[in-house]
Structure formats: structure tokens, C-alpha cells
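Colleague: Could you slot chain X onto chain V? The hints should help.
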Amino acid sequence: MSEIKVNFILNGRATTYVGEPRTTLLRALRAHGVTSVKRGCEEGECGTCTVLVDGVPMKSCMMLLPEVEGKSVITSEGLVGSNGELHPIQKAFIEEGAIQCGFCTPGMIMSVYALLNENPDPSDEDIKEALSGNLCRCTGYVSIIRAVKKAAAMMRE
Amino acid sequence: MKQTVTNSGVGKWVTRMYDAEKAAGTLKFVDDLEFGPSLLYAKAVRSAVPHGEIISIDKAEALKVSGVKEVIVGEDFPYRFGLYLKDRSPMAIKKVRYIGEPVALVVAESEEAAEEGALKVSVKYKELEAVFDPVKAATDNSVLVHPELGSYEHVDFITPQPGTNIANWFRVRRGDIDKAFKEADYIFEEAVTYPQIAHGFLEPHCCVCVQDPVSQEITIWTAGQSVFTTRDIIADALGLPLSKIRVIAPPIGGGFGGKAGMTIEALCLAAATHPNLKGRPIKLFISREEVMLSSWVRQGYVARIRMAVNKEGKILGIKNTFYFDTGISAEYGANPVRSAGYTSTGCYYIPNVWTDSYAVYTNKPFGGAYRGFGMPEFMSALEMAMDIVAHKMGMDPVEFRLKNLLKPGLPTCTGMPMHNHALETIVKKVAEGISINKEEPAKRNGWKRGKGIALAIKAPAMPADAASSATVEILGDGSVKVLAASMDMGQGVYTSFAQIASEELGIPIEKIKCYYPDTQSHPYDWQTVASRSCWSMGMALKLACEDARNQLIQLYSEYWQCDPSEITIEHGVVKCRKLGKAEPIDTKIQNGFKMPDGKYKGGPIIGRGHFVPPDVIYPDIETGQSPKSVVHFTVGAVGVDLEVDPHTGEIVVNKVVCGYDLGKAISPLNVRGQIEGGTVQGISAGIMEGMYYDDKGLLLTPSFTDYKIATIKDIPDEIQYFWEETPEEISPYGNRGVGEHSMISPAPAIGNALFNALKVRIHSYPFTRERVYKAIKQFDEKGNVDFWEYPFAREQDYKQAIKSWD
Numbered sequence: 001m002s003e004i005k006v007n008f009i010l011n012g013r014a015t016t017y018v019g020e021p022r023t024t025l026l027r028a029l030r031a032h033g034v035t036s037v038k039r040g041c042e043e044g045e046c047g048t049c050t051v052l053v054d055g056v057p058m059k060s061c062m063m064l065l066p067e068v069e070g071k072s073v074i075t076s077e078g079l080v081g082s083n084g085e086l087h088p089i090q091k092a093f094i095e096e097g098a099i100q101c102g103f104c105t106p107g108m109i110m111s112v113y114a115l116l117n118e119n120p121d122p123s124d125e126d127i128k129e130a131l132s133g134n135l136c137r138c139t140g141y142v143s144i145i146r147a148v149k150k151a152a153a154m155m156r157e
Numbered sequence: 001m002k003q004t005v006t007n008s009g010v011g012k013w014v015t016r017m018y019d020a021e022k023a024a025g026t027l028k029f030v031d032d033l034e035f036g037p038s039l040l041y042a043k044a045v046r047s048a049v050p051h052g053e054i055i056s057i058d059k060a061e062a063l064k065v066s067g068v069k070e071v072i073v074g075e076d077f078p079y080r081f082g083l084y085l086k087d088r089s090p091m092a093i094k095k096v097r098y099i100g101e102p103v104a105l106v107v108a109e110s111e112e113a114a115e116e117g118a119l120k121v122s123v124k125y126k127e128l129e130a131v132f133d134p135v136k137a138a139t140d141n142s143v144l145v146h147p148e149l150g151s152y153e154h155v156d157f158i159t160p161q162p163g164t165n166i167a168n169w170f171r172v173r174r175g176d177i178d179k180a181f182k183e184a185d186y187i188f189e190e191a192v193t194y195p196q197i198a199h200g201f202l203e204p205h206c207c208v209c210v211q212d213p214v215s216q217e218i219t220i221w222t223a224g225q226s227v228f229t230t231r232d233i234i235a236d237a238l239g240l241p242l243s244k245i246r247v248i249a250p251p252i253g254g255g256f257g258g259k260a261g262m263t264i265e266a267l268c269l270a271a272a273t274h275p276n277l278k279g280r281p282i283k284l285f286i287s288r289e290e291v292m293l294s295s296w297v298r299q300g301y302v303a304r305i306r307m308a309v310n311k312e313g314k315i316l317g318i319k320n321t322f323y324f325d326t327g328i329s330a331e332y333g334a335n336p337v338r339s340a341g342y343t344s345t346g347c348y349y350i351p352n353v354w355t356d357s358y359a360v361y362t363n364k365p366f367g368g369a370y371r372g373f374g375m376p377e378f379m380s381a382l383e384m385a386m387d388i389v390a391h392k393m394g395m396d397p398v399e400f401r402l403k404n405l406l407k408p409g410l411p412t413c414t415g416m417p418m419h420n421h422a423l424e425t426i427v428k429k430v431a432e433g434i435s436i437n438k439e440e441p442a443k444r445n446g447w448k449r450g451k452g453i454a455l456a457i458k459a460p461a462m463p464a465d466a467a468s469s470a471t472v473e474i475l476g477d478g479s480v481k482v483l484a485a486s487m488d489m490g491q492g493v494y495t496s497f498a499q500i501a502s503e504e505l506g507i508p509i510e511k512i513k514c515y516y517p518d519t520q521s522h523p524y525d526w527q528t529v530a531s532r533s534c535w536s537m538g539m540a541l542k543l544a545c546e547d548a549r550n551q552l553i554q555l556y557s558e559y560w561q562c563d564p565s566e567i568t569i570e571h572g573v574v575k576c577r578k579l580g581k582a583e584p585i586d587t588k589i590q591n592g593f594k595m596p597d598g599k600y601k602g603g604p605i606i607g608r609g610h611f612v613p614p615d616v617i618y619p620d621i622e623t624g625q626s627p628k629s630v631v632h633f634t635v636g637a638v639g640v641d642l643e644v645d646p647h648t649g650e651i652v653v654n655k656v657v658c659g660y661d662l663g664k665a666i667s668p669l670n671v672r673g674q675i676e677g678g679t680v681q682g683i684s685a686g687i688m689e690g691m692y693y694d695d696k697g698l699l700l701t702p703s704f705t706d707y708k709i710a711t712i713k714d715i716p717d718e719i720q721y722f723w724e725e726t727p728e729e730i731s732p733y734g735n736r737g738v739g740e741h742s743m744i745s746p747a748p749a750i751g752n753a754l755f756n757a758l759k760v761r762i763h764s765y766p767f768t769r770e771r772v773y774k775a776i777k778q779f780d781e782k783g784n785v786d787f788w789e790y791p792f793a794r795e796q797d798y799k800q801a802i803k804s805w806d
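Going down the list, the sequences are from chains V and X. Residue numbering for the first sequence follows the working numbering, beginning at 1 and increasing consecutively. Residue numbering for the second sequence follows the working numbering, beginning at 1 and increasing consecutively.
Pulled out of the complex, with its shape left as it was, chain V reads as follows (with noise of 0.2 Å):
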């Protein structure tokens, strides 16, 4: 199958891709080495390749590569500052213990950051309804509805 060339800002930063139509923009952000957006069903179901496309949280399974052409794309790796710093949202998954496996995680916290984007300080409800497309088998959720209102504290202030 023949190759095109996508441009799009990820991170921050003009990238160029190349590869066949058929690519998902999953599979090409895996193909390039940005690992933080997971595979777990590659239907749209499990959202653990959430990244943020044009600020808007997108399963990446659901994208093909093209669809990015001239759009801003950001991952997980995309919060940590350049000396290495975590975003308050990671800071706060650490600190409630809404990590376990760390499969699901990344893709989480770009649901909330979406989120937090929008709405600085939601409530139990609007946090449902925002991570109802992130499935998490390990810690029952109890923990990241904590992490999410404990960093929507810290980006408040």
C-alpha cells in the first residue's frame, strides 16, 4: 500500500509521519516510539489509548493517521515538563494510589486533563461521566476519583 506524509503538532512539536492510510493513529504513534498510548482492545472500547486531539479526548484506535493532518496531539509523555516533572495530575494519581498496573493510566489522565481543561472543579458526577470511557480493572476507580478531585485542588490554586 502506498505511504503518505501526515503533519501535525504532538507535544508540542511539528511532526511528520509517514505511513499507509490504513494506519491507525494508535499504531503510528506506537510505531514512532510514543508507548504511552496503550493498545488494550483497539475497538474503542477501553480507552486506554486516549490522547487528545485539538484538546478533545480521542480513542487513537478509533483515528486513522490521516485524520490528525494539521492537528494538535497530545499523550501523557506531552504532560511531563522538560527536566522531567510530573503534571499535578500525575502527582496526584501517585499520591492517592490511583495507579496499579499503569496500563490504563496514561490514558486516564489525558480523560482528565480534558476534563479539568473544562470544568476546574467537578464534582463527582461530571468526573463519572468524563472517565466513563476509561476502563480501569485494578483499582475500582475508589482511588482515581480522589487522585482527580485532589488535582483539580492543586491546579486551582
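If you are wondering where the hints come from, they were derived from the structure by calculation, not from laboratory data. A couple of the hints might just be wrong.
Stated by the list, open to error - Cβ-Cβ distance ranges computed for the label pairs, FRET-style:
id : chain 1 : residue 1 : chain 2 : residue 2 : range
1  : V       : R22       : X       : E129      : 39 to 45 Å
2  : V       : E69       : X       : E129      : 52 to 58 Å
3  : V       : V56       : X       : R608      : 52 to 58 Å
As the list claims (entries may be wrong) - Only pairs whose alpha carbons sit at most 35 Å apart, straight line, appear in this in silico DSBU-like list of lysine-lysine:
id : chain 1 : residue 1 : chain 2 : residue 2
4  : X       : K655      : V       : K71
5  : V       : K128      : X       : K64
6  : V       : K149      : X       : K28
7  : X       : K664      : V       : K150
8  : X       : K95       : V       : K149
9  : V       : K128      : X       : K655
10 : X       : K12       : V       : K128
11 : V       : K150      : X       : K428
12 : V       : K5        : X       : K64
13 : V       : K5        : X       : K438
14 : V       : K149      : X       : K708
15 : V       : K91       : X       : K28
16 : X       : K448      : V       : K149
17 : X       : K120      : V       : K150
18 : X       : K120      : V       : K128
19 : X       : K12       : V       : K150
20 : X       : K655      : V       : K149
21 : V       : K149      : X       : K429
22 : V       : K149      : X       : K64
23 : X       : K126      : V       : K149
24 : X       : K28       : V       : K5
25 : V       : K128      : X       : K448
26 : X       : K126      : V       : K150
27 : V       : K150      : X       : K64
28 : X       : K126      : X       : K64
29 : V       : K149      : X       : K511
30 : X       : K126      : V       : K128
Note that the Cβ used here is the ideal one computed from N, Cα and C, for glycine as well.
Modeller: Relative to the frame of chain V, chain X by itself:
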């Protein structure tokens, strides 16, 4: 006198190891590792019939796909694997036994080419009659899933029955069961079913295998819980020395038992050992659908429990029949059957016991280990039966349980005296926590509210000789390298280990690192299963730390010319208060100490420790009796306050209160994580999870759309948890396992609460909306309290169902 001081030792609330990398997404799972351009990709072609002879496999079209290198079939790799029973080949040979069984493996230069090639392999079958109902398979031998069963190798403690579909038959014969039933004032007979369920870990199985074409050495990177057991199973099947197989387990994305033992590694090895492919790494990543279809599931379960009870509410005897639906392989599934068998009086003292626990082959995906290992299945039956009996006798369900409690010192059903525990306290706290006897109105208009309780118990279910070992190296800057080959699959065991090392060495946790398992570097550990790691590996690790600490203190006492007892290690600083000396651990610890006589002594300090349970004796095959059948039991209780919408069958859990006696919480943050996570996983199993098949054995629930697991919207409004700390005698810190236990009893507690809300008894798990609704309808229309749905039977009448097994 304690010679170490730390702020991050045993029992401290510290954050977890590797969480920063997990939060950033930089931690590499197997699928994230780079192997360069020589990497090849494998994709399985899977059986489309549930039982059949393979007539032909046509590879020609697949080989024409650009990038396809090879198509491998079962005969190319004719080895049989298994942990307890060698009944599984990685690919079907001559015969398929379930829909989804690998029949060929396409290997290609890219994942896409392998996927495309797999679609082009065409297989012809001669279909055979299949059996899906475990009760039918157990009681009628017209279809044999494994006619060759008599020729399979197995360990001594399982008892396959050749000529039948029984892969294991575990028995308990204790006391005089006939007499108990003769003397009983009341006899009860109840049945319960539970379908197979899936682990639902979010990382699908993935492994990469390579064989060196000259040395023949095999290296495997795998998403596995059990590097050494994987190594040993493969070495045994292929006839290779252990030293020629290296298994590396990078972090895994959840396990819950589903990545224990050997899973897809042998299938990948069929490619890696192929003469045309040797030397090239082969990656096998199976899709979510393939995970659901072809990797381990929790066994389906059908139980009949008969109880003999006297007027005072004492249980005199219990007669159990358990059919575990193990699918086409019992290589691992033979053992949950034992676990349920040797715990078959639950948390109760019952003097007369007769239990038959069977692993039954059917033409379905295979059952293995899943969090709780036989106990969620059995306790879902027993705790419901206890509730039924209490209600029928007009007794308070809590009082009935307490009256029959397996108090410390009383014998379990295998004759082992029960150790100390705080179960009575826990049960009372849980009952009080949900105000079990207080009738409260539903919060939602038109809904009905109910409360229920269920007890939990589980021992580590493992061979008597499940051993652990660890090494601890103190590095030249006072940091510590811990090699303890337990797998941190999210439960947080490396944090616990670091806390143990910190406690024993007086070194802060920030300076301690536990490495993910690699059979090349790490000393042996059996497996990361059975809630055994903080206990068994904990024993080995504590000894290793003590060994390292003693070496350090010995060297310093000679170096400083003081008594060893005068030396302390405080927050990484070695001190002798008497001489006024204090210095941080430095390069002397690895290069040696220049002693007062000018000569050097010491060298790298490496502590070592090992452990095997010292006093477990396998239960007798005929009677199940043993002076000590298991190492210990962790007990607990779950209370559920829920409400249900009678118009839709929807259940919302208002509140869960649960408590466990775990001896000692090494890492409280992780204990909380295990309790919260397991509770939700148990609720999910109880309300929504089940694997269903059509009448041809095709899985109808192969994705997270059809196989629902709890989302964030499905959690209870409130989870209250607590733990008791009654110390365990043989244990590093008095601790017992707690990883699995929180999942055992939420489901039966929900069932009992549903009865309390609706006065309808649903004997078939899970309590889906549809089922709850149907049960309410049946009660309204026919007045039947008992509701029974069994996917493999036309007759769904509860009374008929339990009679039909005779």
C-alpha cells in the same frame, strides 16, 4: 534491640514504586519494547468449530501475501504443556476442541501482513458432537473431550478419571455424613450456578520469543506472572535444561491470575523454534477478541449443597457436589477445584463433611486461575445457602453464621486446626456498618432496598513445596538492589518489598529498588499467585535483608572495634553511639573495609534468603484429610446495602462495608488498593459478568461491548473498609495474603441483599438486569421464590434442576 531506624518501613503509608513512570507513560510493557527490523509478527488462525477432526489446512493463499514468511501448524510443534496436567498443546493437532483454538500460526514481516495472511488460511473440518454443559459432561460420557486423558502426565495430587470428562476429582470424607443427615432436624438442599467469567485485564497477552540457532538457547519476554514456572513448563515439555531458557517479564498490565503459569508463550515458541525462523525474534500479541476467546477464564461453576441442621441451628453435616467447567484444559484449572474442595465448609465448623469437587472438560475456552481461585465460585454458593437456611429456619442470618463459625482451634474440613483470627469481630462490625437489621426506605422512587452479608475465606492454593528466594545487594552509595522475582502486576508488591528492605536495613525507601523478574538474574520463586508474595517471598526477603545487615554490622564492628550490638543503621547512616561514630554507607560496602591491621576485608555485601512452607502435608487423596493442608487462611466479611428497580431489574449498590484479617498490613496504601479494587471487581462479577455461548459453542461475548466490566459509573456510592491484625505464626511480620480476598464475597452479599429487597432468591449468577427482572416477574406470576437459569438446560425450573443430577 532493634538496630535499624527508618521512616519508610513495614506498616507505613508510602507511595508506590514505578508509579511516576506509569503516570508519565514511559514504563515499557512487552508490547512497548523495541526489537529492531529483524522482528517478525505471528498471528493465529483459529478453529471455527467446537469439536472436529482437521481434514486439511491450506496455506497456499496465505503464503502469497506479501511479507508472510511461514505458516506453521500443530504437527510442526507437537509438544504438550501443563502446570499440573499436560493436556494442552499450543496448536490443535489433528483435532480441534473449541471455537478459537489455534490451528495454524502465520508469521510475517509486519503485523498487518500476518493478520492478512491469517485470513487466507483455509481449514476443513469433520465436525464431531460437542459438549458444553459441565453437568452433562460429568455425568454422561457420550462425548469425550480428551479420550487420551489416561496418557497425560500429571502431578500426584490431582486425580484425572480416564474414560470420562473428569480432569480432577477432589474428595473430602470426614466424620459420618449419613449419621449427620439421619440425626438432623432439618435438611436443606440448594444449588447455584456461575458462568465462566473473564479477567478483563487491560493489557492483552503479548510475548516475544527468540531461539539462538547455534546454542539453541531460548529467550522469552512475556506479559506473565510466573517467569520461573513458565521457564520450567517449557523446559519440561521441550526437554531443554533450565539454564537454556531465559524468561524476562517486563511490567504487566494486570494479571488477576490470567497471566499465571504459561499462557501464549508456547504458541509463540512454535514460530521461534521453527528451523526457517530461528534467530529472529517473533512477537505474538493477541487481540482483545482472542484474549476473550482463547486465554484463561474463571471456570464456570455449578454447585449443589446439602446441609443437615439441628433445631438449635447447628450444622451437623454438609454434602457438596461441585462441577467446575474447566473447558478444554485443566492444566491449571485442576487446582481451583482442590481449593474449593479443601475449603468446602467455608468459614464454618461442620463436623461431618462429604465433598466431591470435579474439574469437568467441555468444548469451551479453558479455565484457570482467577483472583480468588475457586473461592468466589464456592462462596457464592455456600454464603447464599447459609442465608437460605437461616431464613428458612427463621434465624437471623448473622446469628446463624456466628453460631457455626470456624473458631480458632476448631478443625477445618480437612482436619487442620484453625489458627487465630478475628472473624467474629469482623462479622459484627460489618453487620453494624450496614445496619443490617434496620429497614430503611430506598433513596430512589419506586425502588426496593435490601441488605445482605457474606463471609470470605481463602488459603493460598499452591503446591506444598511452593518456594521463594531473594537476594539483597547493598550498593556502594548505600542504595539497595532487591532481586525478588515476584511480579508487581499492580498490586504493589515491590513497594511492600522495599518497605521490608527499609525496615530491616534502616535505609530509606527512596534508595531501594526492586527489579522486574528475569530468570537470568533473579533467584527462584514459584509464581506470583495465591496472595503468597508478601508472605512467602516476604519470608525469603526478610531473611536476605537480615543476612545483609548482619554482614554489614559485622564488618563495621571490626572496622570501628566495637561490639556488633552497639551498631545501628539509621536512615542509611551507620552509627556507633558509644564511640560517637556516624557515617553514611559508602564504597567500603562494595570494595571492602580497611581494617585496623591495614588489611582489607569484606567485598560486596549480598544477603540471601529462601523459604518453603515448613509444615504443609498434601491432603489424603481418598479423604482430603491432613494435619496441615494449607499454610493459613485469610478470613473476612462483606456487607452490601443496595437498591433495585423492580421495573427494570437494575441494581445500585449504595454501600459496601468489608473487613479482612490480614495479620499485618505491610503496605497500607496497597492494602487499601487491593480491597477497593477487588470489591469493585467482585461487584462487577456479581452484577454484570458472564461468558455466554450459542448452541454451537461460539462465544457471544468476545469484546468489552458484549462482555461488560464495571466502568466508573458502576461503582458503589461508598466503600467502607477495615482490617484486623491477628498475627500469623509463621510469617515475616504476622502478615497473611489479602490480594484476592476482596473479590470473593461481594457477589453473594449482593445476592443475599437482593433477597432481602425482593424476597426472591436468584440462584444463578450474575444478577443482570434482565435476570433480576425475570425473577421478579416469575415471583409475581407464579409465586416462585427461587429463580434458576442454567444456560445449558431447557428445563429452567429450580426444583427440577437440582433433582436432575441424581
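Colleague: To test your reading of the hints: which numbers does this structure violate?
Modeller: Of the numbered hints, 4, 5, 8, 13, 17, 18, 22, 23, 26, 27 and 30 do not hold.
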